[in-house]
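*Asks:* Produce the entire structure from the sequences given, and follow the hints as far as they go.
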Amino acid sequence: MPGMMDTVLNLGLNDETVKGLAKQTGNEWFAYDAYRRFLQMFGKILLSTDEKLFSSTWKEMKKKYGVKDDGTKCI
Numbered sequence: 232m233p234g235m236m237d238t239v240l241n242l243g244l245n246d247e248t249v250k251g252l253a254k255q256t257g258n259e260w261f262a263y264d265a266y267r268r269f270l271q272m273f274g275k276i277l278l279s280t281d282e283k284l285f286s287s288t289w290k291e292m293k294k295k296y297g298v299k300d301d302g303t304k305c306i
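Using my numbering, the letters of the sequence shown correspond one by one to residues 232 to 306.
Rather than coming from a laboratory, the hints here were simulated on the basis of the structure.
Positions of the beta carbon are idealized from the N, C-alpha and C atoms, including for glycine.
There could be a bad hint or two in this list.
To be verified - Distance ranges between label pairs, derived from CB positions: (1) Ser279 - Glu259: 28 to 34 Å; (2) Asp246 - Thr280: 27 to 33 Å; (3) Arg268 - Lys299: 15 to 21 Å.
*Replies:* So this is what it looks like as structure tokens:
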């Protein structure tokens, strides 16, 4: 929304807490995807990292590991 302040979500996720989130939810994909989104938001909002760097790397990783994307979630 125009005029809205940028917000970084998923604060508190790090290399250790993401393992706990995966264990607690029973969904490793969910946990690491949340962590990826946190790093992406942090880089974009706080470090002014070009978003294209994240999107191109994400595409490369999905291709490398054969992850299919149905437009709403990776399967």
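*Asks:* Could you tell me which of the hints above the structure violates, numbers in ascending order?
*Replies:* 2
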